[in-house]
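S.K.: Given next are the chains, with one letter for each unit.
Protein chains: 2
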Amino acid sequence: MSSKPSIPKGTRDFSPIEMARRNYIFDTIKGVYKKYGFQQIETPAVENLKTLIGTGGDESDKLIFKVLNSGDYLSKVSQEELISQNSTLITPKIAEKALRYDLTVPFARFVVQNQNDITFPFRRFQIQPVWRADRPQKGRYREFYQCDADIIGSNSLLNEVDLLKIIDDVFSSLFQGKLNYTVSINNRKILAGIAEAIGASDKLIDITVAIDKLDKIGVDKVLEELSTRGISEEAVLKLKPLFELNGTFEEKISFLNEFLSTSEIGKKGIEELETVFSYTNSLGLKTANLVLDITLARGLGYYTGTIIEVKVDNFPSITGGGRYDDLTGKFGLKDVSGVGISFGADRIYDVLLDNDLYPEFKGDTTQVLFINFGKKEQDYCLPLLFKLRDAGINSEIYPTAAKMKKQMTFANNKGIKYVVLVGSNEMESGKLTVKNMENGEQENLTINELITLVQ
Amino acid sequence: MSSKPSIPKGTRDFSPIEMARRNYIFDTIKGVYKKYGFQQIETPAVENLKTLIGTGGDESDKLIFKVLNSGDYLSKVSQEELISQNSTLITPKIAEKALRYDLTVPFARFVVQNQNDITFPFRRFQIQPVWRADRPQKGRYREFYQCDADIIGSNSLLNEVDLLKIIDDVFSSLFQGKLNYTVSINNRKILAGIAEAIGASDKLIDITVAIDKLDKIGVDKVLEELSTRGISEEAVLKLKPLFELNGTFEEKISFLNEFLSTSEIGKKGIEELETVFSYTNSLGLKTANLVLDITLARGLGYYTGTIIEVKVDNFPSITGGGRYDDLTGKFGLKDVSGVGISFGADRIYDVLLDNDLYPEFKGDTTQVLFINFGKKEQDYCLPLLFKLRDAGINSEIYPTAAKMKKQMTFANNKGIKYVVLVGSNEMESGKLTVKNMENGEQENLTINELITLVQ
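So the protein lines, in turn, are chains A and B.
Counting in our numbering, the first sequence runs from 21 upward without gaps.
Counting in our numbering, the second sequence runs from 21 upward without gaps.
It does not matter which identical chain is meant; a pair holds if it fits inside one copy or across any two.
Derived lysine-lysine pairs resembling DSS-like cross-links, with alpha carbons at most 27 Å apart:
| no. | residue 1 | residue 2 |
| --- | --- | --- |
| 1 | 434 | 354 |
| 2 | 50 | 331 |
| 3 | 354 | 426 |
| 4 | 407 | 426 |
| 5 | 70 | 113 |
| 6 | 288 | 396 |
| 7 | 354 | 423 |
| 8 | 158 | 233 |
| 9 | 260 | 287 |
| 10 | 96 | 70 |
| 11 | 434 | 24 |
| 12 | 50 | 306 |
| 13 | 96 | 113 |
| 14 | 113 | 82 |
| 15 | 113 | 24 |
| 16 | 407 | 50 |
| 17 | 24 | 350 |
| 18 | 425 | 455 |
| 19 | 82 | 158 |
| 20 | 29 | 96 |
| 21 | 82 | 96 |
| 22 | 395 | 288 |
| 23 | 451 | 407 |
Simulated from the structure, these hints should not be mistaken for laboratory data.
Please read these numbers as outputs of a predicted model, since none were measured by experiment.
One chain only, chain A, in its complex shape (with noise of 0.2 Å):
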C-alpha cells in the first residue's frame, strides 16, 4: 500500500492545538461534575450487541456498529442463510458485539450489573466517544465524545436544580459571560397534559415527534404532520396557541393552569416546573437564560419528566437531557428514576472557536528550547536542560547542530517562547543568552534566572 493514507469518514485525527482546546473544554466540565459530587466511571467501547439494540428503536439499531466475531465466523451461519444474503437475519449470528452509540445505555448496564456495590442515589460522570453510523456532515461524526452525568436513584427534584447549576457553571466558565445562551426546559408530563387536554392521549408520541420537530420545519409544518398522523383538526387547532406562548415563567404557567386543568398529569407537570424554576431562581444562575418551553421535546424516548436543552447562537442543542423512569427496566432493575445531562464536546468546541473563546495554552508546548550548536555546547546544556525539567519547565534540546535557521523555525512552528542560545562566551560567563520569540528581545541569565523568568 503506498496511496496516501486516510481515515474512515466521519472520524478525525486530533492534533495538539485541537487536543489542547478539547481537553480544556473536558477539564472545565469534569472540575464541575467533581464540584457537585460526581464520581468518574468509564465502561468498555464494546458491548454485546444484545445490550445495545432495541433500546432507541430501530432507527437507533441501524446506526450501532458492529464488530465482527473473530475466528471463522461464517462457519456458524447455515448456506441456506448466507444465500438468503439478508443482512439483518445474519448479522447477530456473525457480530456479537458492538460500539456503543451512547453513554446511557452502557449506564443503565453499569448500574445492573454493580448495582450491590454502587451506594444509591448514584452521581456519575462520564466522558468517552461513541460510535454511530450517520450520514457524516458538518458537525455530525461517527466518532465523538459525549460528556455525560446522571443521577440515579432519587426522584428529588433537587438534583434537576443542580444540574441547571451545573449547565450554568459549565458555560460561565467556557464562555466568560460573553455569549449569550438559552437554557429551554419543560417536562413530558406537560406533554402528556397536552395531549389528554386536546383528546388525544394515545398520540402522544405522535405528538412528541411533530412537535420536537419544530426548530426545524416551522409551526404550520408540525400542524400538518399533526394531522398525517391522525390526530384530529378540532384537537390541531386547539395545539395552535402553545405554539405561539410567549412571556414570562408566570405567565406561560398561568396559561398552563388553564390549559391542563382537567389532566392531573398535567398539573403534575406544572408543579415540578414550578419547583424547579422557584429554587434555581433563588439560588441564582450567573450567566444562563433559563426559559420555559412548552414545545421542547427532544426526541430520546426515554424521557418521563423534566426535559432540559441548551442553545447559542445559530447551533443545534449544545447540551441535553432529562429524567426518565425506567432505564434499567431493560437489564431487570425496575422503578429506579434517574436525571442526566450530557454535553456536545464538539459543538461546544465549534462555539468556542468560533467566537474565540479560548486561553492560551501556555504549558502545553515546549517552553523553552536549548539551540544545538555542536557537541561541545550540548554537551554543556544538558545538564541545565534537566534542570529546568525538574522545576517542571516544558524544555527540549534540538536533538542535532542543524543551521540555526532550522531550529528557530522548529521553535517558531512550535510556539515555543524562549530559545536559549550557548557559545563559547556563555559557557564561559555562566549566563546563557535568552531570546524571548514573542518579542524578540534578548537577556543574559543564569540558569536559575531562568527558571525564575519561566515560572
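The hints should help you fit chain B onto chain A, whose structure is shown.
M.R.: Here is chain B on its own, set in the frame of chain A:
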C-alpha cells in the same frame, strides 16, 4: 432481555476508585511527557482495515477486530463467495474498517497524512485504548490503554537518552523509591552483529524470535529452538556464552568488542549503546537500574536500533520501546527514523495496587455532605452548599429527608470526610455542626470556618 447483563470477555468497567487510580497513572505519565516537550494527539478508534493489516504479520492481522460495514453489506458479496464460507476472503468485502491494534501504526499513518503540517522532529504522545482479539487471561485484556511517546524525524541518540530519563522520572514518581525495577537496553544492531559473527546473518529473524523467548522457556529450550530453526550446531555453541554473560556494562561491552570484532553492524551497535549509556550515566538516574541485556530482543519486527524494556518484581514487561527506521514506509514516506516507548498502564496499575503505592484520592469524591432533615432545613442549607461549591469544594446535600442512618451510610460508603448537620439550633445560631467522619469529632463552625477547614 431480562437476564443479568454482562460485558464482552476481556473488557472491563472502571468504578470511581479504579478511575481515580488510572487517572493518577495517566496524569503522572502525561506530566512527564509534557516536561520533555511531547505534544498530545488522538486518532480515531476506527481505522480503515487496509491501514492496519500487513504491519505486524499474519498473527497480528488475526488479532484485529473488524467493524461490519453498515447497511445491506451482504449485497456486495457474490452468492458463490458466500457459499464458499471463506471468512478470510469475505472479511475485507463486508468489513472495511477495524479497531486499532496499537497506537504506533495509527501514528505512522497520522504522520504521513499530516506531514506538511508537522514540524520535525515531532515529539508526540498519545494515551488511548487499543483492541486485540487475544485470548483473555489474567493481566491480558481485549480492550486496554497504551501510553505512547515517540520522536519521529531525528536519528539523534539524545532522543534515546530522553526516553530513558522519562522512564526514570515516571517510575521514580509512581514507585516513590520503594520498588526496585530494571530498565534493560539492547540494540538490534548487536543482534544483527551476533548473527553475523556466528555466520548466520540470514537467520537474524529466527535468532531474534528464539532469543525473545529466553525469559519464558530458559536457555536450553532456546538453544533447542535455534537448532530446529536451522541454525548449525557450531553456531548455536558460539551463541551459548552470550546467554550467560554477566558483569558490569563495561565488562559486557569488552566481551562484545571481541565477539563482534568482525561485524561492522555489531560495532555500530556497540557505539550506539556506549553513547546512550554515557549520556545517561553522566546526567544520572533517580531510581532506575539501567542494565545492558544483549538477549533483549522484543518481538516487534520494526525495531532497527535501540531496544528498551522495563521490568519490576515478577510482572511481565511494564514498559517497552525502541528505534525504528522505516515505520512510515508502508504509507509512502521513506527514510524517517523514530524512537518511542509505551507504558503499559494496566500492568502498572496492578504493580501499584499490589504494593499499596496509591496516594489517597481526596479530591475525587465528595468532601462535604449536608444531611437533609426536611424541607425547612434543606432550604436553609442550599445556599450554603453552593457557597462551598463556588469555593471549589466538592459537596452535595442528600436529596431527600431519608432516615439519618441511611444518610450516614451514604456518607461512609462514598468516603465523604465531613458531614454537616443543621437543625433548628444551627439555623438560629448560624453555626453548623460539622462531623469529621474519619475521627468522629464534632465542631460548631460558621460556613466560612468550614470552607477554611476543608481547604
